Every structure is written in C-alpha cells, then in structure tokens.
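There are 2 protein chains.
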Amino acid sequence: MRCRICKGKPVIYMPHHRLALCGEHFTGWFERYVDRTVKEFNMFSEESKVLVAVSGGKDSLALWYVLRKLGYTADGFYIDLGIGDYSEKSTEKVREFADRIGAKLIVEKLSESVATLPEIERFTSREACSVCGLVKRYNFNKVAKEYGYDVLATGHNLDDEASSLLSNVINWNTKYLGRKYPVLEAEEGFVKKVKPLCKLTEKETALYSVLNGIDFLEEECPYSEDANTIFYKQVLNQIEEKFPGTKLRFYLEYLRKVYPVFKEDKEGKITSCKVCGEPSPTEVCPLCRLRERVLNLNLNGA
Amino acid sequence: MRCRICKGKPVIYMPHHRLALCGEHFTGWFERYVDRTVKEFNMFSEESKVLVAVSGGKDSLALWYVLRKLGYTADGFYIDLGIGDYSEKSTEKVREFADRIGAKLIVEKLSESVATLPEIERFTSREACSVCGLVKRYNFNKVAKEYGYDVLATGHNLDDEASSLLSNVINWNTKYLGRKYPVLEAEEGFVKKVKPLCKLTEKETALYSVLNGIDFLEEECPYSEDANTIFYKQVLNQIEEKFPGTKLRFYLEYLRKVYPVFKEDKEGKITSCKVCGEPSPTEVCPLCRLRERVLNLNLNGA
Chain A
1134 MRCRICKGKP VIYMPHHRLA LCGEHFTGWF ERYVDRTVKE FNMFSEESKV LVAVSGGKDS
1194 LALWYVLRKL GYTADGFYID LGIGDYSEKS TEKVREFADR IGAKLIVEKL SESVATLPEI
1254 ERFTSREACS VCGLVKRYNF NKVAKEYGYD VLATGHNLDD EASSLLSNVI NWNTKYLGRK
1314 YPVLEAEEGF VKKVKPLCKL TEKETALYSV LNGIDFLEEE CPYSEDANTI FYKQVLNQIE
1374 EKFPGTKLRF YLEYLRKVYP VFKEDKEGKI TSCKVCGEPS PTEVCPLCRL RERVLNLNLN
1434 GA
Chain B
1134 MRCRICKGKP VIYMPHHRLA LCGEHFTGWF ERYVDRTVKE FNMFSEESKV LVAVSGGKDS
1194 LALWYVLRKL GYTADGFYID LGIGDYSEKS TEKVREFADR IGAKLIVEKL SESVATLPEI
1254 ERFTSREACS VCGLVKRYNF NKVAKEYGYD VLATGHNLDD EASSLLSNVI NWNTKYLGRK
1314 YPVLEAEEGF VKKVKPLCKL TEKETALYSV LNGIDFLEEE CPYSEDANTI FYKQVLNQIE
1374 EKFPGTKLRF YLEYLRKVYP VFKEDKEGKI TSCKVCGEPS PTEVCPLCRL RERVLNLNLN
1434 GA
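Protein sequence lines, in the order shown, are assigned to chains A and B.
Residues 1134 to 1435 in my numbering are what the first sequence spells out, letter by letter.
Residues 1134 to 1435 in my numbering are what the second sequence spells out, letter by letter.
Note that these hints are calculated values from the structure, not bench results.
Take the hints with a grain of salt, since some may be wrong.
All copies of an identical chain are treated as equivalent in the list; a pair is satisfied when it fits inside any one copy or across any two copies.
[As the list claims (entries may be wrong)] Taking lysine-lysine and the DSS-like style, the derived pairs with C-alpha atoms no more than 30 angstroms apart in a straight line are:
(1) 1396 - 1275
(2) 1396 - 1308
(3) 1375 - 1269
(4) 1237 - 1202
(5) 1313 - 1375
Predicted, not measured: the structure shown is a model, and the values here were computed from it.
Take these sequences, add in the hints, and give me the full structure.
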C-alpha cells in the first residue's frame, strides 16, 4: 500500500475512506476534512468567535490547533477540576500549549465556584464522571456566553459519538436519539455547541496530534472513562474489525435517516434557575443544588 | 438460588425475568409465556388453523409441541431441501415427531418443484442461505394458502430476532425496521405470519425441548448459519453478559417505541407473478426466475 497522493510510505490506511496516506498528506487531508465538516453542518464561519473546550488530551488540543491553522478565531477554555496531580499536569499542558500557539486561554478553577471534584464526589451519591459532565456542561455554556463567544466547540471524536449512540440504541433511549447531533443550535439560554471532529476516529486524531507535535497529556484521568463507554467502544471496534467502515456509516446514517425522525421527541421545558439564572429543567438547576449540598455539608463539618 | 415456586433445585435462572425455576415449573412457565405472547400480539385464537413451519431443529419442534399442548389446532409443514444426509435425517426426525404427537404433517420436496438446494446453489451466484430463505418464504406462504390455513407460525426465537435487529440497526436499514414485527398481517396474497417464540431465548427453547423429550436434530445444516448472523449473536451475548436483560429489552423496546415510527417506510408495490400468480415485487417473482434459470441450465447441460 502507498500514499494515494505521493506514492510514498503510508502512515495510515483508512478503510472507511479506502485511503492510505503518508504523514504529510494525512495532515493536509485531516485539516481539509475538519473544515469540510465545519461547513457541511454550518457549525461556524470565519467571522465567528469560537470557544474550544480543552482538557489537555489529544482530541481537544488537536481541535484547537487545527481550527486556528484553518484561520478560525478560536480561544481555549479549561476547567481545573482539582483532581490532584492529574489536574496539575493537565493545567500545565494546556497553558504551555496556549503559549506555544499564541492563543488566549480562559481557566476556571472548580474549587473556586463549588469544590474540587474529589471533594464533591465525597459529598454526593453521583459518580465522579457524572459530576464532571454536569460541571463541564454548565461552565462551558456559562463562560461562552459571559465572554461573548458565538459557539462552543468540543473535541468529541467518532469513537465517542458512535459508542454513545450504540449504547443509547441498545437501550432505545429515543429522547437521546432526538438530541444527538454534531450541532446544537443556540436556544433558551444555551450557546450553540458543535463537534467538528465527529467524523474522525480516535486513531486519526491521535495520529494527527503526534504528527504535529501536539504535546498532550497521555495519562488517563484517575476516575478513568466510564466503564460502559469503554465497553461499547470495544464492541464497536469488534464490529469495525469484522466489517470495516461500519463505525462511520453507523454514525452518518443515523444523522441522515434516524435523527430527523426522533428530533421532535425532546425533553421537557427549560426554565431559568432561580439561583444562578442559567437554563435549567428544574426551578433550581442541578449545579446550584450540588453547590448548595456541598456548602451545607461543609458547614456541618461532614 | 431456588425455584421460585417449589423452592426446589432450579434448572435455569433468567436474569431478564429475575426468575429461577426447576424443570417442572419451567415447563409450565414456558407454555404460559408462549400463550401470553400469542394473545398479546393477537397472533391467532382457538378457532384458527395454524401451520407451523418445521425444520427438525429445537425451535420449530418446540413451537409445534407447545401450541398443540396449549390446545391450538397446529399442523406441520416441512420442506425437504435435498441437502444429502442432513436433509434425510431432518425428514426422519420430523416424521417421527409428527407420529409421536399424532399431528398432520405436510412435506414438500424442493427437488420436485425446482431442484435440490446444492444443485440450485451451483447454478446461481446467490449464497445457499439466501436461496434457502427465498424457497422457504415462497413455499410457506403458497402451501399455507393452498391448504386453507389462517396463519403460518415460525420458530424464530429472541436470539434470532434481536441479532437480526442489531445487524439492521448497525446498518440503519430503516426499511427493515418498518417490517420487523412478530406479526405480519395477511395482505396482497400473503398469509398472516407469526413468531410465538420471539420473546424466548435460544437457551430457553433448547431447555424446554430437552426437558420435554423433544427429539430434535442437533446437527447443524452443512451450509451452517450465515456468518454475519452468528457474529451479531455473539456481540449481543457479550452485551447481555455485561448488562443482563438487555437482549429482551432491546427487542421489546424496539417493538414499542421504534417499529411504529418506521412502520410506514415500506418497500415498493406488490404485484402478482405472471408465471405462478404468487405475490411478487417484480413481474416474474424471484422463485420463478430461479426455477427458469435452473431449468435452462439443466437443458443446456451446464
């Protein structure tokens, strides 16, 4: 097998695209592919102010890097979750990366608004990954609005999207099937959210990062990924190995044929949290309830 | 763990029902469960004339047995595919079983209407399993109508149904999703078709057969099951092992929430085959085209 463009030694073969490429041509292809995805789904334009949610991992840093290389206005936003050594290293990686690419980075410390993630976890029955998801969704949205960004971009890749789709299909969570789309338009207190890497596999984003010297944190979060997510990623990789190209097709055909069918099946009404004013399904939003709980328990010396 | 009814030693634990039962109580439970399924989906009544498609395997013989035990009028229909030794043994098993339960059995030899399956396979590019499916669907329907049966019952179990559902979901074959239901009403030359074992696993039908001395053919068809079907059954068993109860829920929630959504997405119009008069999507039905092909090739000495 040879690079389709220069006939040189390939670094990757992508069966779903029937495409082998060398390092140089893969980088160019990857960037054009991200740009095509941005345009295909009307994610944003050259005039938009984009806020990229970064964690220090390969996906989010690659996303930030490629968007700026493509000429988009993209700043970074990082939440320091206070997970000891892991968060310290992540913070450092993200700060160094921002310096290297000369980009603006907004940093929020979870400990300043609520408590560190390990502290919160001790005070609630929720699992760490669930708290982390809640905190991130809340802050991404709030900060993007406060700083006047038009759109929030996250680094979710095809493996993330297809595996969560599979898990929700197996359980026929049709509400989820009506919300899973790489673009969620702004509405009722929510900023527009996009996933420009949604058509690229984990392997492809990892390769792009390595080839472009993106110094990401390889260490896994000590809470690790949700065990169910890992399981469904493995199942999907088995299916992909048996029927190459299935992963991408499963996701794209869902977007084309199934999402439109379930689109109306949305969850209940959204109101404004009476404490923080952010959008919420309940009178007091889940984050304010969490904060209240943690503060009360702290006062009671729990 | 103990049998829920008599506290005796259980022969099975069914996590999806949170139910452990001994042999005797499993048999009773199995029969009531089939009857409830028949009634739940309005498959047929005590007045109906039911034709059971039997192969000699555990599922179809168990179905025939249980329907008669429940008091339904159920005769058997068997197609001798002419697959050498395997078909000879199957034919014998089915004949013996019919004698044992004192039931009427209709037997058709594929060699008399077209040719044996191995002969047909040599003459076409279609795979054996695809030819077999075509031949069976055609003859089940034709014979059920000719003999005046109200409904045709097949022995598809939960593993069959859930694995083909998964395979079609992974490929988002939405036309299939609009047709997969345990009851297909009679229409346009098609007899009503039902699957009374659709909520019972392969393990459960096998256990029922063994416990009730049903002498089924254990030997696999030499063409074996379609490799893709086996693969998706394995994938589903992995998911079931990790999340017990998923297989049944995946199928039932599909029936409840997803099938109705895609129901209208049916394939093109059905007409009557100008050769045999049976329902067909094309002017000459696939079986008549196959027969014509085999006859021509035979004449030409191929």
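Hint-by-hint comparison with the structure:
1. 1396 - 1275: within (25 angstroms within a copy, 42 angstroms between copies)
2. 1396 - 1308: So residue 1396 and residue 1308 pass the 30 angstroms test inside a copy (8 angstroms) and across (19 angstroms) alike.
3. 1375 - 1269: between (36 angstroms within a copy, 29 angstroms between copies)
4. 1237 - 1202: within (15 angstroms within a copy, 76 angstroms between copies)
5. 1313 - 1375: both (26 angstroms within a copy, 24 angstroms between copies)
When held up to the earlier numbered hints, the structure conflicts with none and fits them all.
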